Amino acid sequence: MSSEQRFCVALRGERILTSPRWNKGTAFTTAERNAFGLTGHLPYRVNTLDEQCQRAYDQLQSHETPLRKNTFLQSLRDQNWVLYYALISRHLQELTPIIYTPTEAEAISKYSHLFRRSEGLYLTLPHQESMEEDFLEQAQGRDVDLVVCSDAEMILGIGDQGVGGIGISTAKASIYTLLAGVDPARTLSVTLDVGTDNEKLLKDPLYVGWPHERVRGEEYDRFVDRFVQSVRKHYPHSLLHFEDFGVNNAKRLLDTYAKKHAVFNDDVQGTGAVTLATIMAAVGVMKSKLSDQRIVIFGAGTAGLGIARQLRDAMVTLDGLSPSDSNQRFWLLDQHGLVKASLGPDNVRSGLSDFVRADEEWEGAAANERGEIGLLEVVRRVKPTVLIGCSTVGGAFDEAVVREMARGTERPVILPLSNPTSKHECTPEDAKRWSDGKALLATGSPFPSVELPGGKKYRVAECNNALIYPGLGFGAILSKARSLTDSMIVAGAQRLASLAPALNDPDDALLPDFGDSPEINYEVTCAVVERAIEEGAAAVEWTKEEVREKVRERQWKPIYGRYEYDADGEQ
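Heads up: the sequence shown is residues 1 to 571, going by the UniProt record's numbering.
No wet-lab data here; the hints were simulated from the structure. Predicted, not measured: the structure shown is a model, and the values here were computed from it. Hints should not be assumed to be uniformly reliable.
As the list claims (entries may be wrong) - If you anchor each label on the Cβ, the simulated ranges turn out as follows: (1) E133 to K200: 41 to 47 Å; (2) H41 to S498: 46 to 52 Å; (3) R117 to P323: 46 to 52 Å; (4) T48 to R252: 49 to 55 Å; (5) G371 to D508: 41 to 47 Å; (6) H63 to R433: 35 to 41 Å; (7) D221 to T26: 32 to 38 Å; (8) H63 to R380: 46 to 52 Å; (9) S498 to G40: 53 to 59 Å.
Claimed, not checked - In silico DSS-like links for lysine-lysine, alpha-carbon gap of 27 Å or less: (10) K457 to K423; (11) K438 to K287; (12) K423 to K438; (13) K289 to K383; (14) K480 to K423; (15) K438 to K260.
For each residue, glycine too, the CB sits at the ideal point set by N, CA and C.
Sequences are here, hints too, so could you generate the full structure?
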């Protein structure tokens, strides 16, 4: 969108002022005020968007807590999309944590008590017979490119939040707009309310969701399938983004629908993709290959398993290894220690089967009375080149673990990715100190730079999914691919890795700065579309040479267009 783009709009007076898509507030020009019957609705002076942003920022600063700032920004989004996104774009690093993690988690946990108005589509299991009708009512009269849905079983590290899951769907959709350029008018945020096992919510008289224990099994699957089929039927070229589903459903649903529609799960694929990019950058610093790495993953839940699979698939795609050979590059640990065959089927959930280690490899290894092998022993025996933490066990990468790892490899890659900061497996400062400055680092939350001997600062990369998932999704949308393939995701990760500052200076960050994320996601989008064209998966007739220009043309920007009144125009 450019400042000269013209729109024919059918709304007048109070109706246009209450439409967040079309409202300009005090930025309506004198001619527009006359045309749309707004002269008496607005004060005299016409403001620029910059002036509006300054006013809104000053108002925001009067709110002292992150949660109150989050509430203010939600209210602004409900009033004026352009102003909301323009304001955040001008203060990206400061305000993204307010509209997304970590503040959004607090807002979601208090959703029923903060509720003021609807912010998306609420599909509730007792009303499933009217689901398609409800879906069409919400999407009526508009094209939808992106559908973000959550059943809220595992929200942002705070667990089951029931109907409050609409908050994470809305936040994710906003990040797609903010960082990739997806038109907010073409997004749909959905919560799948299948009940909740959160006793606090079930006992809360103000809880606004379905006060019923969480439904599972075949009834759950039928409900989700009814929703997915509505999306496929009415918006076959849309991207369906699954968010914060429980560990027993996330990968299973992804596998169920991956070959039927363009689907994406950020907890599985986004976390895997940004971690892949980080390790590819580290591999570039080490002048090695991905398939040469020995990778220990501490924490084998949705994120850890997603990372393992993404790295494994990249070894197959990039280095030509077989899947079985790639599996042998991984050692996973969960609450039972190293995932190995003798733990038995009761202690090894189904998704981990590819990465189960043979017991013969561990004869003579130090173990506890239950035969479980801990992290330090695994590091001592494996001598990993990469250590990834997804455990939420704060301090798990202690001095003994880090020093042992540094003895076994020249440039240990240490990624404590658990959130929030209190649950990080180690701090960057400790990792650098205990590895005698050798460690290459990235973390799951922002950390300050670490001072190295001689006074140089080591900038710690933030392994943030938002550096890649908006671009992956927008690439799938623009290419109109019927599925987001593994090679399209790998292409996006390769492009992100190629932008790593560490490739020019080994003592710089393994990922670009989050402040550059809009331009980074543009590059990722282009890489995904280019790969879709190469594979023949794209349903657009673009050449690879046209991709960069075409992507720019289709990015939505928070800039006011010029409006003309037309009774038959857009609403």
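These are the hints, each one checked on the structure:
1. The beta-carbon spacing between E133 and K200, approximately 33 Å, falls outside the hinted interval of 41 to 47 Å.
2. For the pair H41 and S498, the beta carbons lie near 51 Å from each other, so the given range of 46 to 52 Å is met.
3. The hinted range of 46 to 52 Å is satisfied by R117 and P323, whose Cβ atoms lie roughly 49 Å apart.
4. Taking 49 to 55 Å as the suggested C-beta distance range, the pair T48 and R252 conforms, at roughly 50 Å.
5. At roughly 43 Å, the beta-carbon separation of G371 and D508 lies within the given 41 to 47 Å, and the hint holds.
6. At about 38 Å, the beta-carbon gap between H63 and R433 stays in the expected band of 35 to 41 Å.
7. Separated by about 50 Å at the C-beta atoms, D221 and T26 break the suggested range of 32 to 38 Å.
8. Separated by about 51 Å at the C-beta atoms, H63 and R380 satisfy the suggested range of 46 to 52 Å.
9. For the pair S498 and G40, the supplied restraint of 53 to 59 Å holds, since their beta-carbon distance comes to about 55 Å.
10. Only pairs whose Cα atoms come within 27 Å are accepted, and K457 paired with K423 is accepted, the gap being roughly 24 Å.
11. Using a Cα cut-off of 27 Å, the hinted pair K438 and K287 holds, with the two alpha carbons roughly 15 Å apart.
12. Between the alpha carbons of K423 and K438 the distance comes to roughly 23 Å, so the proposed pair stays at or under 27 Å and holds.
13. Simply put, K289 and K383 have alpha-carbon atoms about 17 Å apart, close enough for the 27 Å limit, and the pair holds.
14. For a cut-off of 27 Å, the pair hint linking K480 to K423 is broken: about 39 Å separates their Cα positions.
15. Taking the CA atoms of K438 and K260, the gap is about 45 Å. The hint is violated against a cut of 27 Å.
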